[in-house]
Every structure is written in structure tokens, then in C-alpha cells.
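Chemist: What follows is each chain in one-letter form.
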Amino acid sequence: MADEQINGVIITFFSTASAVGKTLISINMASELAREGYSVCLADFDLQFGDIRNYLRLTPEYTITDLCESIQADSGRPLMPLLTTYSYEGVSFQVIPNPAKLDEAYNLSPETIIEVLKNLRMQYDYIIVDTTSMFSVLNLGLLDISTIVTFLGIVDFIPTIKNMKIGNETLRTLNYDSNKIRLVLNRSDSKTHIQLKDVVSILGEDFYHILHNDFISARESIATGVPLVLNGQESELTQELRALVARYTNKGYQTEETRKRDSWLSKIFK
Amino acid sequence: MINNNVMLVEGNRLYLEQLSNIIRETETVTLVARFRDAKDALGQGVVFTPNIILLDADNPNIMSLLEEFRKTYPNADIICTGEKWSADSSSLYVNAGAKCFLVKPFSSEELLDAIFAFSKPTTGGVAEAKVMTFFSPKGKSGKTTLIANLAMAISRKTNASVGIIDADLQFGDMAFFFNLKPQSTIVEAARDTDFLSPVSLNSYFVPVAKNVSILCGTKEPSLIDKVSIHSLETIINMARTMFQYVLIDVPAGFNPTSIAAAEMADTTYVVAMLNGGYEVQHIQRSLDIFTTWPDYKEKVKIILTRVEPCTITAKQEMEEVIGYPVAGIIPNAYLDVATAADDGRMALDLKPNSPLSQRINYLAGRITKEKQDDKDDF
Ligand SMILES: Nc1ncnc2c1ncn2[C@@H]1O[C@H](COP(=O)(O)OP(=O)(O)OP(=O)(O)O)[C@@H](O)[C@H]1O
Ligand SMILES: Nc1ncnc2c1ncn2[C@@H]1O[C@H](COP(=O)(O)OP(=O)(O)OP(=O)(O)O)[C@@H](O)[C@H]1O
Ligand SMILES: [Mg+2]
Ligand SMILES: [Mg+2]
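Order-wise, the sequence lines are chains S and B.
FYI, the working numbering numbers position 66 of the first sequence as 66, with every residue one higher than the one before it.
FYI, the working numbering numbers position 328 of the second sequence as 328, with every residue one higher than the one before it.
Note that these hints are calculated values from the structure, not bench results.
Some hints could be false.
For the chain B half of the interface with chain S, some residues (derived, Cβ under 7 Å), not all of them [claimed, not checked]:
no.	residue
1	60
2	140
3	156
4	176
5	254
6	282
7	294
8	338
Each residue gets a CB set at the ideal place from its N, CA and C atoms; glycine is no exception.
Produce the entire structure from the sequences given, and follow the hints as far as they go.
Modeler: Here is the structure:
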């Protein structure tokens, strides 16, 4: 890819409930894409309490704060040296860790972060973005710029389903192309008495993909710092993760420009 | 039934007419006398034996008038009326013997609410509520479950009035926990703050038990725009005079809402659920911010949920690891909690003697007794 400029695919993981697996799955998606030979950058935009540096056991020298400063300085210097490399048994990808300090996280400008992404998307085949579970100015910007948004949900108790429904409806009001947003169910079969078919009928929409609950593998992966798709154990969950990646890399999907819209949240937190 | 004989004292000619009409239209209430001049009311009103006095607080001499009215009408309830509520002036009036404050013009409902509002038992001055904000670094900390159960436990233990404010402005779940479909929420309360007083704000709270009521959260995330930080602060200030305990649910992480609520609270609880991840680091990261408060030791407390085994040793170990006292631990009770929430009931009610209920009751006891020694108490 020497002279040729590529405009990479941005895949954002979003949810309207916490602890649904955004971080775990985004890490595995980045790992699997890297394993398949793509150039990949994984961004932790859970700025305050991001877990990517934790789940991957990174001790980064630079963070998103440095990338933002570099972009703002407008020096034209390449951003890639400011990324952190994760590698495991020959598979490697780049990471943008969240800021080291909370006050940095609180003060970063969403616009600058989006600029960083726009710059980096020319350098990578795939940029995988991890977020927080709310409609913040930053998250709306990330949703806009993304090629695909994976809207993750779990079925544990009623309020979570309410929030999934409201979140999904809110996403629809943003008028993205219908195949840009993919509803993915994580931790299916976990302890609950709520029926999946009831959830589907509440949402009025089928899940695009389903990932099973595998508490032991998930916990072990976090404890060892090795992504599921790289640890050599071909569990059911691992295969479902690979299958999800295969569906995303399918040539059938084409990136399309998203339509313009008025952002009702553009005013908040300002 | 006791008669509600109202004497209206109102300096403004237009308000005098308008308010008189409203009082006359209000059932179970009789307007027995009305005066523009407060001195007339003091001298001549006695013959009408009012038991409720609506006193114009926009009168510049309101403080000395209040004293004179108290002396002349020792058995009447005095309700101050004014064009705008403010926390400071209304607590001055209440301290000086007024029952409460009403923003004028008021409606019949608001007048009745004010007349029948139970006066908070005051010990000398106004009993200001203890305000508690429940902060969590990340979501799914178990804090909504904790707040709901704790509120019930506090009110049962002490018979105190408890208010819950759901300021988790995008995805507040409190209404769901209590199976409510509220007519009014924090959005309407915020819209109306300029015209509200604690008495009228009360009608925006939905009662869920004898002494527990909830100001429910937004119905959809875009409504976060409608609740400004300023109006949230006003609501918290009013709630402080309406209840004896106020519990506030806020969005996870540091954001304008959680910061404002934490700064206004007497106690901020940092709540995290133990799930074998990096919650300790997240708590420590949050404490880095909170410990910049000069009085953080008294104000900031930690509660851990889903602690297994839920023992004093576990608590002490966590204190060691975190490097900060742990005020309470809540056991793992996933099924109880989820079953209760799905039915709109409290885990506390479903299993009053479960380990979860015991820990919640213990915390409620600590909050209401305000014991200071956080040491080896479990
Ligand atoms: N398929 C799964 N089976 C079992 N456990 C899972 C699965 N996916 C995720 N988990 C577990 O769920 C927890 C939350 O996962 P994760 O941290 O990735 O969620 P998140 O959406 O990023 O949360 P947050 O919003 O707090 O950042 C972790 O403990 C993880 O191990
Ligand atoms: N003590 C507990 N033990 C086990 N599970 C619990 C406990 N308390 C709460 N939970 C479960 O954890 C999940 C989150 O609980 P809850 O909604 O109270 O947390 P929250 O911090 O308010 O979450 P949110 O970020 O969605 O507002 C629910 O599935 C609930 O049933
Ligand atoms: Mg995460
Ligand atoms: Mg909650």
C-alpha cells in the first residue's frame, strides 16, 4: 500500500447499557482482523475509564491526549509513531489508549478526536472503536464517521432491555443507512428468565449476530491479557467472534456516505 | 374535619384579587379575611380567627412581620407567598416560623398541598435533609438497585421522609424499578423550576411507599437537553427542604450532572460492582479526583456490590487493596435483584432476611445514626 491511499473501514462498538462486552468484543475483532493480515488500529474512546489498556496489559508511552495535541499543533507529523503496539505470537495491531489521567480525559475535545480518526483512517484497513454507553457529543461524532456501528445488547433484566430499545430507536432517528447499524446480542443464554423472542419482538428487529455467554473464557482472557481469538482455544464464543468478523469483511458490504441530520445533542456538555 | 379559615395578606392589588379568587374556588377552604396592609391584618384580623395565614413575603419587612404574626396568631399556620422561591430566603422564613413557601400565583391544588403538607419535624432550626449522591465510575455498578432498596430501608427504620431523584439523565431506570409510569418527571420539574417552590415541586414526585417518593428520570435520552445543571441544582436545593433524606442517582463517570450532584451532596458514595475486572483501578482513579476536596474524608465513601463472600474479612481486604475505607459491602444476589426489578418490587421486600437485606439495613442504620467510626464495624 505504498503510494496508494486507502480509506479504512471504521467499526464502532456502541451500546446504551454498560458492561455488555463492547471492550472484549472490540479487542477480539481487532485481533482477528490483524490475524487475517489486515492493518488494524484499535481506539479506546472510553476516555475516562477505558479498559483496553487493562484487558491487553499495555503500558503505553503515548495516549489519545498526545495524538490530539499533535493534530492541534498542525505539524503535519505522522501520528503513527504515537500509537502503541500490541502483539502476540506474530499477530500485531496498533492501539490508541485512553488518557493516563482523568482530567485529561474530561477535557479532550470531541472534534479533535474525530480529526485524529479522519487522519488515521487513511493509514489503516480497519479502525475499531470502543466507546461508552451514552449519547455524548463524542459518541455521536463517532457514530457519524463510522462505516459500521455494532450496537451491542445483552438480555439480563428488564431495564436493560428498555434501554436497548430506547437506544435502538434513538439510533434510528439519526437516519443512518439501515445496514450501517448492526444489532448484536452478546452473552445469550446467560442466567435470565427473559425469552429472546420477546426481546426481538420488543425491539421490532432481529439480531444480526449472536454471541454466546462464556463466562470462564471471557474472564480468563481478561486475566491473561490474551484475546480469545489468539489464545488457541477454539471455544464456541471464539468461533462466533470469527464468524462476526467474516461477515464484516465480506465484500458484499459497501461503505456509503451517511445522510446529513440535525444533531439534537450538539449542544450538551458544552 | 377542621375548617381551613384562610386570611390573605397581600400587598399587591392585582395579586390580592387573583389570589382571593383562587382561594374562594378551592374546596374545603374559606377565605375569612383579606388585607393589603399587614398592620391591618395584625390589628383587625384576630376577630376572624384564621387558622391559616397567607403572608406576602415580597414585603420588605417580612422578617419582623413574621415575628409579629407568630405572636398574634400562635395557633395559625403561616404560609409565605412570593414571586420566586430561593433556598436561602425560604429557609429564613421557615426558621422564623413559617410553615412553607408558595410561589404566587398558585393553583388550588398547590394551596391544598401547602395546607396539608406535613411539616417536617424541626429540631430548633429547619431540619435540612441529608443529601446523598451515588456516583459510579462505570455503569452496571448496582447503584440503582442499591438506592431503591436503601431508600425503603431508611424510611422503614426511622419513619423519615425520603426522596429519590433519578438524575441518570439518559438511561434512568428508577421508574422501572418501582413499576411506575409517571405523569411528571425531572424534565417537567426542570422546565418549571422558576415557578416552583418545594410545596409545588412535591407534586412532581411520585409516592411509592408511605414516606418514599421519586422524581423519575427522562423518558428518552434526547431529553437530557431539557434538564440544565442550574435547574438540577435548584431541584436538589428544594428537595433538601422537602425530605429528611435525599438519594440521587446520576450517570456513570464524571460529567456535569454527576459532578454537580456530588458537589451538592453531604455524602457521595462511590459505588462499584466487583466482577473480576479492573474495578479497583477505576475506583482509585475516581478517588484521585474526589480526594482533591478538602473534606473528602467525611464526604466520600465507598460501597462495593456483588461482594463474594460478603464478610468482614472481604471488606478489610478491599480496603487494603483500594487504600481507602469501605463504608459498605453488598453481597452477590443476582437472581433476587433481577427478579425483584422485573416485577417492580424491592429485593428487600421479597426476602427481608436475606444477606442482601441485612447489608442494606445495616447501611441504612449507619446513614440514619450518622455514626462516625468507620473502622472495624461491619
Ligand atoms: N460473551 C461473553 N460471555 C461471558 N462474559 C462476557 C462475554 N462478553 C463479555 N463478558 C464479560 O462481561 C464483562 C463486561 O465486558 P466489557 O468490559 O467488554 O463490557 P463493556 O461493554 O466494554 O463495559 P463498559 O461499558 O463498562 O465499558 C466482562 O467481565 C467480560 O468478561
Ligand atoms: N448485589 C448484587 N448482586 C448481583 N447482581 C446485582 C446486584 N445489584 C445489582 N445487580 C445486577 O446488576 C445489574 C445492574 O444493576 P443496577 O441497574 O442496579 O446498576 P446500575 O449501576 O444502576 O446500572 P446502570 O449503569 O445501568 O444504571 C442488574 O442486572 C442487577 O440485577
Ligand atoms: Mg468497555
Ligand atoms: Mg442505574
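Chemist: A separate judgement is required for each hint: does it hold in the structure or not?
Modeler: Cross-check of the supplied hints:
1. 60: Residue 60/B check fails; min Cβ-Cβ to chain S is 40 Å, beyond 7 Å.
2. 140: holds (4 Å)
3. 156: violated (24 Å)
4. 176: Constraint on residue 176/B satisfied, holds at 5 Å.
5. 254: Hint holds; residue 254/B Cβ to chain S Cβ min 6 Å, cut 7 Å.
6. 282: holds (5 Å)
7. 294: Violated. Min distance 18 Å.
8. 338: Constraint on residue 338/B satisfied, holds at 4 Å.
Comparing the model with each earlier hint shows violations of hints 1, 3 and 7; every other hint is respected.
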